[in-house]
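Note that full-length UniProt numbering has the sequence shown beginning at 1, numbered continuously upward.
It is worth saying that the hints were derived from the structure and are not from the lab. The reader is advised that the hints may include incorrect statements.
As the list claims (entries may be wrong) - No farther apart than 27 Å at their CA atoms in a straight line, the calculated lysine-lysine pairs in the DSS-like style are these:
no.	residue 1	residue 2
1	K236	K141
2	K14	K205
3	K256	K152
4	K79	K152
5	K141	K24
6	K152	K141
7	K14	K24
8	K105	K79
9	K152	K24
10	K24	K105
11	K205	K236
12	K79	K24
Unchecked claim - Pairwise CB distance ranges, derived in the manner of DEER restraints:
no.	residue 1	residue 2	range
13	P246	K24	49 to 57 Å
14	K152	R100	51 to 59 Å
15	P93	Y240	37 to 45 Å
16	K256	S145	20 to 28 Å
17	A249	T15	53 to 61 Å
18	E18	R235	52 to 60 Å
19	A249	L285	41 to 49 Å
20	R235	T184	25 to 33 Å
All C-beta atoms, glycine included, are put in the ideal place defined by N, C-alpha and C.
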Amino acid sequence: MIKNIRSPLVYYPKTVNEMLSLYKSMPDSLLYAGGTGILASKNTKYPELPGNIIYLRRIEELSAIRRSEGYLEIGACAKLNRILGIGEHVLKPALYAAIRNIGTKEVRNIATIGGNICSPYRTKTLIPLLSLLETRLELRKQGSSRWINVRKFVSPEEGLHEGEVLTRLRIPFNNFNHQSYIITGDLKSDYRGALTFACLASVQKENLSAIKFAAGIGDNGIFRAREFEEALSGRKLPLYAITEDPVFARLTSALKNQSDEVSSFHSRQIEGLFLTFMHSLNDML
Numbered sequence: 001m002i003k004n005i006r007s008p009l010v011y012y013p014k015t016v017n018e019m020l021s022l023y024k025s026m027p028d029s030l031l032y033a034g035g036t037g038i039l040a041s042k043n044t045k046y047p048e049l050p051g052n053i054i055y056l057r058r059i060e061e062l063s064a065i066r067r068s069e070g071y072l073e074i075g076a077c078a079k080l081n082r083i084l085g086i087g088e089h090v091l092k093p094a095l096y097a098a099i100r101n102i103g104t105k106e107v108r109n110i111a112t113i114g115g116n117i118c119s120p121y122r123t124k125t126l127i128p129l130l131s132l133l134e135t136r137l138e139l140r141k142q143g144s145s146r147w148i149n150v151r152k153f154v155s156p157e158e159g160l161h162e163g164e165v166l167t168r169l170r171i172p173f174n175n176f177n178h179q180s181y182i183i184t185g186d187l188k189s190d191y192r193g194a195l196t197f198a199c200l201a202s203v204q205k206e207n208l209s210a211i212k213f214a215a216g217i218g219d220n221g222i223f224r225a226r227e228f229e230e231a232l233s234g235r236k237l238p239l240y241a242i243t244e245d246p247v248f249a250r251l252t253s254a255l256k257n258q259s260d261e262v263s264s265f266h267s268r269q270i271e272g273l274f275l276t277f278m279h280s281l282n283d284m285l
């Protein structure tokens, strides 16, 4: 027997409404699905857990995956490996790579997409890419629900409100025919030094019809440079010596404007990763 360790009470709701009712009556309870992030954050052999746990895995609605004409809808408790099973042709290369970069195969058999989005590491894994894909999240509490763009989810003002639970997400299908997703550094051993970079481009013949990218940096949310993206869109490829192009100065300026959040080290990384992506577009012509 282990002294001073009290077993929590575990509740097993079978519907979303039942879960929301429990959560309203016990707002300090722990919502538990895969638990990989929760247990990994505890540095003790026997982690301390709250007195009440609401187990989510028996709610079928939260694990559902549906494909409609315009988007892919995924329940918050869908396991990551099950999502990968949909196939790269549906998920597209960047999202497929992003999910495969999360943990080991064994971890992905347990971990859920909702847990990843809600974890303290959320700006370092899926959210930068999901923001580029204009993903929307459903947040529900007893008696109400709302949909928000995923980029607002990291905001303390617009993210999860008291009593709300992430229940599903909708990822619109996209036509970006060149995609990249890269993680630099180690999220576990060097969380603040690591960086997530996602870039999407649509190339028609030799025309760069659209391009956008995002970077997740530490606890500082998501970096975007929309004016730079808009200035590049519509340009003719190949684009050689892009660093000498006046348009590139807009990226440098955007990074300097966020120097409080983006270190000089990360700024150089972002510029380097973007240039590598642009060179890959040139090489494909």
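Hint by hint, here is what the structure shows:
1. K236 <-> K141: violated, 49 Å
2. K14 <-> K205: violated, 52 Å
3. K256 <-> K152: holds, 23 Å
4. K79 <-> K152: holds, 24 Å
5. K141 <-> K24: Given that 27 Å is the threshold and the Cα spacing comes to 8 Å, the pair holds.
6. K152 <-> K141: holds, 18 Å
7. K14 <-> K24: Distance ~16 Å between K14 and K24 Cα, so the pair holds.
8. K105 <-> K79: At roughly 11 Å apart (the allowed maximum being 27 Å), K79 and K105 satisfy the hint.
9. K152 <-> K24: With Cα atoms ~23 Å apart, K152 and K24 stay inside 27 Å; holds.
10. K24 <-> K105: violated, 35 Å
11. K205 <-> K236: Since the Cα atoms of K205 and K236 sit roughly 9 Å apart, the hinted pair holds (cutoff 27 Å).
12. K79 <-> K24: holds, 25 Å
13. P246 <-> K24: 49 to 57 Å: With a Cβ separation near 55 Å, P246 and K24 satisfy 49 to 57 Å, so the hint holds.
14. K152 <-> R100: 51 to 59 Å: violated, 26 Å
15. P93 <-> Y240: 37 to 45 Å: Taking Cβ atoms as reference, P93 and Y240 lie about 25 Å apart, which means the hint is violated.
16. K256 <-> S145: 20 to 28 Å: With a Cβ separation near 40 Å, K256 and S145 fall outside 20 to 28 Å, so the hint is violated.
17. A249 <-> T15: 53 to 61 Å: The hint (53 to 61 Å, Cβ to Cβ) holds, given that A249 and T15 are roughly 55 Å apart.
18. E18 <-> R235: 52 to 60 Å: holds, 54 Å
19. A249 <-> L285: 41 to 49 Å: Violated, since A249 and L285 (Cβ atoms, about 25 Å apart) do not stay within the stated range.
20. R235 <-> T184: 25 to 33 Å: holds, 27 Å
This entry does not satisfy hints 1, 2, 10, 14, 15, 16 and 19, going by the numbered hints stated previously.
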